[in-house]
Structures are given as structure tokens and as C-alpha cells.
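*Asks:* Sequence:
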Amino acid sequence: MKIAMIGTGYVGLVSGVCFSDFGHDVVCVDKDPGKIEMLERGEVPIYEPGLDQLMAKNVEAGRLKFSGDLNSAVDGADAVFIAVGTPTRRGDGHADLTYVYAAAEEIAKAATAYTVIVTKSTVPVGTNRAVKQVVEKAAPELEFDVASNPEFLREGAAIDDFMKPDRVVVGVQSDRAAEVMADIYRPLYLRDFPILTTDLESAEMIKYAANAFLATKITFINEIAALCEKTGADVKQVSKGVGLDGRIGNKFLHAGPGYGGSCFPKDTSALARIGQEHAVPMQITETVMRVNDGVKLRMIEKVRDLCGGSFNGKTIAVLGVTFKPNTDDMRDAPSLTIVPALVGGGAKVRVVDPQGHREGEALLPGVSWRDDPYQAVNNADAVVILTEWNEFRALDLNKIANKMSNACMADLRNIYSADDAKRAGFSAYVSIGRSDFSSN
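This note's numbering numbers the first residue of the sequence shown as 4 and each following residue consecutively.
Errors might be hidden in some of the hints.
Claimed, not checked - Below are the DSS-like pairs computed for lysine-lysine, each with C-alpha atoms no more than 25 Å apart in a straight line:
| id | residue 1 | residue 2 |
| --- | --- | --- |
| 1 | K38 | K60 |
| 2 | K327 | K243 |
| 3 | K406 | K305 |
| 4 | K34 | K135 |
| 5 | K243 | K254 |
| 6 | K327 | K167 |
| 7 | K220 | K167 |
| 8 | K167 | K60 |
| 9 | K68 | K220 |
| 10 | K233 | K351 |
| 11 | K351 | K327 |
| 12 | K5 | K60 |
| 13 | K167 | K135 |
| 14 | K38 | K233 |
| 15 | K254 | K239 |
| 16 | K425 | K305 |
| 17 | K112 | K68 |
| 18 | K220 | K239 |
| 19 | K34 | K68 |
| 20 | K68 | K167 |
| 21 | K135 | K254 |
| 22 | K112 | K34 |
| 23 | K112 | K38 |
| 24 | K305 | K220 |
| 25 | K68 | K140 |
| 26 | K112 | K5 |
| 27 | K239 | K60 |
| 28 | K239 | K305 |
| 29 | K5 | K34 |
| 30 | K254 | K5 |
Read the hints as simulated data drawn from the structure, not as lab findings.
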């Protein structure tokens, strides 16, 4: 089938590349000429493991192209996917749908025959019906259907998630649209991956409900971690014991410095706003948002206590600033709250992150960047682990401690243990929801 993918951001590019690997002819469209030139050179503008090789493979096979010309990409396409950004709108917390509606209007004017216009972007309930109205107004004679096809891709594991999904959700209004979408996802259907066909509104709601629930699990275990610190319980053991319950599951039950990224913050905010608009307050989701903000502030106080009550004049090494490992995404990362607090408190902050430098340089002014952890901790007063990159999971703690002027660690991902730190010669170690120690 012929597919046009409007938008080459994270969702659009990964989806376009994977669809081409299914055997479809895909054109990925973007208004940014620089991005199209980069893609045509074989360069990937985002970091996602394996994406560059898969992209090159399908470009070479002739199934994948990149273009700034929406009209030519849409003309003759069986399906056109809208995969543009829906950032949180300033002032009211709602998803900004400007780019979605603009894309829908352009598609309407470019299409010349029946096509299915598919919203892949995360959008509030009712958006696809609004997209239909936009298209009908722009092209009254056009024969088309709309469909909702939310994505469920984890950054750092997106290709595997696309190729081996827990489920594919497709919201449609007609049998004809359902058939087109079934053809597109036929390779997954043949391998018995679940494909759930629903109405438009249910598909839209599934995406928000899923992300809000996962954000709730993260926030719940972070709240339990705070209680563990006061009662002497170990949150890692608690998480394991809770997660072994098949009704709950062990995923997203790892204590940390709060959730961030491109999805959870904006989707919880949008869901809360949808609830307000329909006079059905999403009280759990609103609480999750508030508690998550508090978790980040609690991490700042942990590090401050580690530094003797003040950051002023301290040299602090921060390991990891992306919101999670295996991505370069800095959106709403806990580091964007925690690191500025260190800098603002008078600390000299050195940052190490395998992929975060490109985005982080503009987002974290006042820090200096280092190439490796051992360089960053030289004569430092404290080291803070913010992102659990594999590179930070097997550090030589003895070497780290010996290089520091004051061997103190804030392990905000619970990678190590108090016993590990003691054996290595650290004078103080703090983590989340577990026993700490200080020889001061």
C-alpha cells in the first residue's frame, strides 16, 4: 500500500520506517527542509537504537522516501497518517491541536481520490470527528474516512514495540476504513498480535487512559518509597513483592526521581483538562501530577542534605540528564527541575550523558559537560545518578570515591546499595526508599 506520513518527529519517523519494513511504500513528509536533507543523507535526527540501520535498509530497497512536498506524497496514497506534535497548550493544560488541524486541511486539499486520514498523534477525545469536519470544509467533494491509530512506543525500544506490540488500536467509522487499516497492519495480524478495532472516541481514550495509569504506577511507588524511608522498609523489596501479584505486574514499579518524557506529562495534563471540560474531574490523575512534581522537589532536598544543607561552592557531578536511558529526549526530564536547582544554589555542576548533550546544552545553562563519569567526579563533592544508563550501572566505585574530594553519592535510580558504597569508601550514600548512611 502507499502511505504518506506527515511529520518526521519521533512517532512519525519510527512509524514510517517500520511501515516501510512491512513492505509498504512510504513517504515521510516534513516542512523542515533541513530535516529532510538530513534524512536523505541517511542521518537520523533523533536517537533511537537500530533506527538508522532499519531506515537505511528500506531506503535502499526503494520503499522509503523523504519529502517536503506534501501534495505529491498525499496524491494517490491509500492512507495518510498525521504524526505531528500535540504539545501542552500554555495556560490551560490542553493539547495544542493547531498542527493536527493544519495538516488535515493540507491533506484535504492535496488528496484526489478516496483515502483514509489516520491520526497517529495523541489527541483528546473528539479530535478525529473535528478532523473530519476540517477535511469536509476544505474539500467538500473528497471521498475519505478518518481513523484513530494511537501509538504506544517506548523511547529506546520503539522498533521492538512497533514490530511486536502488546496491541494495535484502530478507531474507525466505516468497514471500508477498517479494511484499509487491516491491510496496513496485516503483517502483525498474521503473527497473531492483538489488533483492537473500536469507535473513534474509544481509541482516543485508550491512549490517555493507558498513559495516565502507567504514570499513576510510577507515582504510587515513589510515594511508597518516601514512606519506606520513614519506616525502615526497602522499596526494592516492596516493589518486587507487589509486582509479583499478577493483577498488578512488575513494570513501572521502580522508584526514581519522577516521571518525565514526551508522553506522560502532557497526556496526564490533557486528560485532566478533558475531565474538567466534561465536569468529570480526573481526581486521581490530577493528584498524580501534583505528587510527581513533589517527587522532583524531594530529590533536590535529598541532594541538599547530602551536601551539608547547601549547594553553594560545591562541585557536583550529575550522571544522566535524559528522562530515561536509550534516548536523547529531554522533554520534562527530572533533570530540568533538579539540575537548575543545583546551579541556582551556587554549585558547579558537571554533566555526563551518552546522548543528552545535543539537547541538554540549551536546556541546562550553567553546567559543564564531561565525556565520562571518572572525569566528571574528579575533586567533586558529590555525585548524583539521575538516569540509569547502562554505562552507569557498573562503575568502578572505588575509583569514583578515590577521585572525589568528598565521596558522597545520591543514587536516585537505586542502581547501587549502601553496602556497595561503604565498601568503595564513600562517606555518605542516599538512595530512594532504602537505608542510607553517612559517616559525617
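*Asks:* Does each hint fit the structure? Answer for all of them.
*Replies:* Against the structure, the hints:
1. K38 <-> K60: holds (19 Å)
2. K327 <-> K243: holds (21 Å)
3. K406 <-> K305: holds (22 Å)
4. K34 <-> K135: holds (23 Å)
5. K243 <-> K254: Holds - the C-alpha atoms of K254 and K243 are around 10 Å apart, at most 25 Å.
6. K327 <-> K167: holds (21 Å)
7. K220 <-> K167: Roughly 23 Å between the alpha carbons, so the hint for K220 and K167 holds.
8. K167 <-> K60: holds (19 Å)
9. K68 <-> K220: Not satisfied, since the Cα-Cα distance of roughly 40 Å exceeds 25 Å.
10. K233 <-> K351: With a Cα-Cα distance of about 31 Å, the restraint between K233 and K351 is violated, given a limit of 25 Å.
11. K351 <-> K327: With Cα atoms ~23 Å apart, K351 and K327 stay inside 25 Å; holds.
12. K5 <-> K60: holds (18 Å)
13. K167 <-> K135: Given that 25 Å is the threshold and the Cα spacing comes to 31 Å, the pair is violated.
14. K38 <-> K233: Violated, at roughly 50 Å.
15. K254 <-> K239: holds (13 Å)
16. K425 <-> K305: holds (18 Å)
17. K112 <-> K68: holds (22 Å)
18. K220 <-> K239: holds (14 Å)
19. K34 <-> K68: holds (14 Å)
20. K68 <-> K167: Holds, at about 24 Å.
21. K135 <-> K254: violated (37 Å)
22. K112 <-> K34: Within the cut-off at roughly 16 Å; holds.
23. K112 <-> K38: Answer holds: K112 to K38 is near 24 Å, not above 25 Å.
24. K305 <-> K220: holds (22 Å)
25. K68 <-> K140: Violated, because 30 Å separates the two Cα atoms, which is more than 25 Å.
26. K112 <-> K5: holds (18 Å)
27. K239 <-> K60: The hint is violated at about 42 Å.
28. K239 <-> K305: holds (18 Å)
29. K5 <-> K34: Since the Cα atoms of K5 and K34 sit roughly 20 Å apart, the hinted pair holds (cutoff 25 Å).
30. K254 <-> K5: Violated, because 37 Å separates the two Cα atoms, which is more than 25 Å.
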